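Novice: Assemble the complex: chain L is given as a structure, and chain H must be docked to it using the hints.
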Amino acid sequence: MNLSRNWLADFVDVSDIENKAYCDRMTDTGSKVEGFEVLGDDIENVVVGRITTITPHENSDHLQICMLNVGGAEDIQIVTGAQNVFPGAIVPVALAPSKLPGGVVIKAGKLRGVASNGMLCSIGELNLTTHDMPDAIEDGILILDESFTDKIGMDIREALMLNDSVVEFEITSNRPDCLSVIGLARETAVSFDRALNIPTPVVKGVNDGDTVTNHITVAIDEPALCPRYTARVVKNVKIAPSPLWLRMRLRASGVRPINNIVDITNYVMLEYGQPMHAFDYACLDGSEIRVRRAAAGEQFMSLDDQPHTLDESMLVIADQNKAVALAGVMGGANSEITEKTATVVFESANFMGASVRVTAKKQGMRTESSARFEKGLDPENTLPAIQRACELVELLGAGDVVDGIIDLYPGKAEPTVLPLEPEKINRFLGVNLEGEYMAKVLRDLAFDVQGDRVIVPSFRADVVSMADIAEEIIRIYGYNAIESTAIFAGISQGMRTPSQAYEVELHDALVGMGLYQIETFSFISPKFYDRIGLPADSALRRSVVISNPLGEDTSVMRTTALPSMLEVLARNKNFANESAALYEMATVYLPHEAENELPDECKQLTLGMYGAGADFYTLKGVCENLLSLSRIAGARYVACGDNPTFHPGRCAKIVLADGAEAGILGEVHPTVAATYGLDSGTLIAALDFAVLFAHRSVEVEYKPLPKFPASTRDFSFVCEEALEVGHIEDVMAKAGGKLVEDIRLFDIYRGPQVGEGKKSVSMRVTLRAADRTLTVEECDKAAGKIVAALDRELGLKLRG
Amino acid sequence: MRETLERIRQAAMEQLSAADADLEQIRIQYLGKKGELTAVLRGMGKLSAEERPVIGQLANEVRADIEQAIAAQAEKNAAAALEKKLIDERIDVTMPGTAPALGQRHPLAIIQREMEEIFIGMGFQIAEGPEVEYDYYNFQALNIPENHPARDTQDTFYITDKILLRSQTSPVQVRVMEKQRPPIRIISPGRVYRSDAVDATHSPLFHQMEGLVVDKGITMGDLKGMLELFAKQMFGEETRIRFRPHHFPFTEPSAEVDVSCFACGGKGCRLCKGEGWIEILGAGMVHPNVLRNCNVDPEEYSGFAFGMGIERVTMLKYHIDDMRLLYENDVRFLGQF
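Heads up: the sequence lines are chains L and H, in that order.
Under numbering that gives the first Met the number 0, the first residue of the first sequence is numbered 0, with each subsequent residue one higher.
Under numbering that gives the first Met the number 0, the first residue of the second sequence is numbered 0, with each subsequent residue one higher.
Hints were generated in silico from the structure; no laboratory data involved.
Note that the structure is predicted; figures quoted are calculated from it, not measured.
Cβ coordinates follow ideal geometry from the N, Cα and C atoms, glycine included.
Wrong hints could be hidden among the right ones.
With beta-carbon atoms standing in for the labels, derived distance ranges [what the hints assert, rightly or not]:
1. H:R89 with L:P643: 53 to 59 Å
2. H:E82 with L:G736: 57 to 63 Å
3. H:D160 with L:Y701: 55 to 61 Å
4. L:M494 with H:D160: 34 to 40 Å
5. L:P708 with H:A20: 33 to 39 Å
6. L:M300 with H:N146: 24 to 30 Å
7. L:G511 with H:M94: 23 to 29 Å
Using 20 Å as the maximum straight-line C-alpha spacing, the simulated EDC-like pairs for lysine to aspartate or glutamate come out as follows [to be verified]:
8. L:K360 with H:D160
9. L:K361 with H:D160
10. H:K215 with L:E422
11. H:K266 with L:D23
12. L:K572 with H:D329
13. L:K361 with H:E278
14. H:K161 with L:E596
15. L:K31 with H:E274
16. H:K161 with L:E594
17. L:K423 with H:D296
18. H:K161 with L:E73
19. H:K215 with L:E420
20. L:K423 with H:D64
21. L:K19 with H:E278
22. H:K272 with L:D443
23. H:K161 with L:E592
24. L:K572 with L:D678
25. H:K272 with L:E169
Next comes chain L alone, as it looks inside the complex:
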């Protein structure tokens, strides 16, 4: 809402308050100011002047030399190229030196040898349009009419009423009453403790015996959607431009002047916050106006010449044959005010907010009118507004107001009455204000306070409870005047849940291992499932689908976070980052069968890396560390050759001791890597947070440090490439019995000496007993068992 301060001055005098101070205080009391603009501050030293003589320029065919009276003792000389000037014309004169909008600077100079001490201005040069100055032409000097005779020498900003300041308010949806000059004037008066003066409009009428019902009758078919409908008729209408003051107020408010009747409806909407509509009476079929629901499929052409197909949820204003307006949204082209309009019907009605909102939304036409109605307007306001419109008609001489008012008010409601509870309010806010003070603030805000009863004004439908009353009081008293206090309450224990604490532990461990955390969008394209090679029948393809997505790439909620990880890896590679090691604590969304059930939201920890030092075993090391940190023992890494996202020979599932799968890790399948533009050798993993959390152990029991030394035995043998080290370890551990403390791979070799398809494996076994130093014989015996088992079970012979 743009508020003209000149207009505001009609109702409350705050002329002594600077714009900045005004804006700050209004924001503090709850009418948020976005900013202000001083109109005409880009115009300097431009005055009203009258051309006294014009003589031709001897060196030019199109230039003329004007002498101008600009209010001083001597006329000044200005050379102009304009052709529409004449002796006696009153024009805007930019004196040398002066400033014009757009940073233009006018200086004294010579035009083809003749001195010129300024410039005559067109409307464009003053940043005006033909809407603002309807008598002006665009390509010529602005010729002012004779009413400016007494303004010769006057600053043009004053003469054209450009000297105004406009304050831009952000009005919240609960205060539609503040979408008006009067509403803001009331807030202003309370904020600055000034008197508020809202005159009651006075309509003289013509007293010719004619009455409104001779012209129209109104029927409301849908009182629930139209609580009130007020109408008056104006005859002998003379369509003309509005006077300058009215045009300039509309301009300051950001509304384009059109003609007197249309301007009046806009003016009243801005001043009273009540949208108005004017019909051309001659365009109505019959004399009955009916407020009814549209028929399904009914066609309607709006004022802006857009066709609309209506349905039964929408309310229209209709004559006996057709809709002439979409209620509360826009009038129809079929009854538009034109230059020929002779009789006008003014409508000032109240429509139900939700209905207007739905209609405007369906038709995609949010208007100044619908934006007001949808917030819920005050039905009491229709009558003052229409009276003000008729008062303006008389003031402007735009027509004769026919006596009588049509005013149907089926939705009249009792005012809201609330108790005034100062103690409760003080307790709620943490302040200590007198009941008298509260009553005064409320009265200033137009509440009627009678003893301990507060009668809420009809335009404050948002006030329904003690909390609302409290807000009214505190916003005027000042939020910042409330003293800060510490909560008086029992001690409460602030802490993370075990799962939240575990998550923090994982983050810290991952960062400690050199990984960077990433954050990616939770929605992806369903095509990403193809990119990671998910089988067509995979359950993971069933996603929660967004019905109104921004685009396909963000249209379904992910069931796996691997595409997000791959995308980020690819992006980093594109940025020429040589290596990356990343993780995301991602959420995935797994839908249920039932349509109206929320999906399961599960945490999935994804890992991804590429570049120097990143291979399967690095990634596996990270996973091992996470399990070790979580004290999850006995996990096995089981080769997995059938997950299409992964390299079939370089992928493992992490299977926990009880068989639960904690995740999967491996090299990205070369085909998948190619679709992302990644090198083969890129590694990813996905771990299930819930499984890790469920299997983690928080119990730690200290084991005494060994008191006796350990012995080691090394075993080297050649085996088939396909034989897994994990399998060899299992056999050795079992054969070695309880003396085995540790088995470790310490060397692996492939080469011509061991032969094609074979590898040489070296393992070191640590043997120890808790209660004694092992003898050589004991160690040899254990080693012998291991050798025997390797031979027996795997056919392995020690290398010589």
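Specialist: Coordinates of chain H only, in the frame set by chain L:
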């Protein structure tokens, strides 16, 4: 004999003063079994009884002098050798270190954890709620009925008529109050969704942190006190806060809350656009309708709620000027925090 001893002393000292003196050789030459001084001493027997002690003393002095001189020279030599060794062992300390890689939390996560720790310290617990949420929790229970204009300000992604992607973390308030009787003191950080196309200041997905306190006798002064404490811990001890009246359907009274600019201290700078204040969160007293919707009696209990954007705080604190950087995850960006 006296002359001989004096000559030996002089000769030894001369030899020792040479730069490349071989100390061991000099020791043998003079003090060794066949050394010159030893030879003199052997000849002492030929001296008279009067002379013997005098010459003997002199001989001992000469021996002591030579020994001392040799020791002093040896010490000097050792010091010089060590110095040379240390010089030879000098390394280039400007060559890069070879530590194991250091990982990094995402800037949003750093700020979120910082906020969490502050509130945990004030006795809050962390509540979690679904991102795919019922319309009821996201809107209706929060006093935003269907066709309420407040829905316009939050362009929402819908799954079905009844299910949507939560547009705020506030539904967690309702879920917590349904399950837990007051006293309640929770925060709830998480992802929220609004139908805004990606640009430097918008993202269809961002993070909010909600806070809720409900108990008997909670006042708006308590809200101010709590937020003041938070602001001081988050942005520095000197930080002040300012409340501006605002409207949220689920709080009454409602406020927008500014903190004094932590870059300039309130004098006005580029970060605060010359205002001296930075808008950081929305807050208010929980609307009685919301309490009622959760079967909490507003006559008995009151409470306050607040919410803030984690992206906003992160971007302000780190002077990040483009929101897209946060979701691009370029390691050159991530490595800076």
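Novice: Hint by hint, say whether it matches the structure.
Specialist: Verification of the supplied hints:
1. H:R89 with L:P643: 53 to 59 Å: Between R89 of chain H and P643 of chain L, where Cβ atoms are some 57 Å apart, the hint holds.
2. H:E82 with L:G736: 57 to 63 Å: About 59 Å separates the Cβ atoms of E82 of chain H and G736 of chain L, which means 57 to 63 Å holds.
3. H:D160 with L:Y701: 55 to 61 Å: Check passed, 59 Å falls within 55 to 61 Å.
4. L:M494 with H:D160: 34 to 40 Å: holds (39 Å)
5. L:P708 with H:A20: 33 to 39 Å: violated (53 Å)
6. L:M300 with H:N146: 24 to 30 Å: holds (26 Å)
7. L:G511 with H:M94: 23 to 29 Å: With Cβ atoms ~25 Å apart, the hint holds.
8. L:K360 with H:D160: holds (17 Å)
9. L:K361 with H:D160: holds (16 Å)
10. H:K215 with L:E422: Holds, because 15 Å separates the two Cα atoms, which is no more than 20 Å.
11. H:K266 with L:D23: holds (17 Å)
12. L:K572 with H:D329: Cα-Cα ~9 Å, so holds.
13. L:K361 with H:E278: violated (35 Å)
14. H:K161 with L:E596: holds (10 Å)
15. L:K31 with H:E274: holds (15 Å)
16. H:K161 with L:E594: Status holds; Cα separation ~10 Å.
17. L:K423 with H:D296: holds (15 Å)
18. H:K161 with L:E73: It is violated: about 79 Å lies between the C-alpha atoms, which goes past 20 Å.
19. H:K215 with L:E420: The hint holds at about 18 Å.
20. L:K423 with H:D64: violated (104 Å)
21. L:K19 with H:E278: holds (19 Å)
22. H:K272 with L:D443: Roughly 35 Å between the alpha carbons, so the hint for K272 of chain H and D443 of chain L is violated.
23. H:K161 with L:E592: At roughly 16 Å apart (the allowed maximum being 20 Å), E592 of chain L and K161 of chain H satisfy the hint.
24. L:K572 with L:D678: At roughly 9 Å apart (the allowed maximum being 20 Å), D678 of chain L and K572 of chain L satisfy the hint.
25. H:K272 with L:E169: The given pair, whose Cα atoms are some 19 Å apart, holds under the 20 Å limit.
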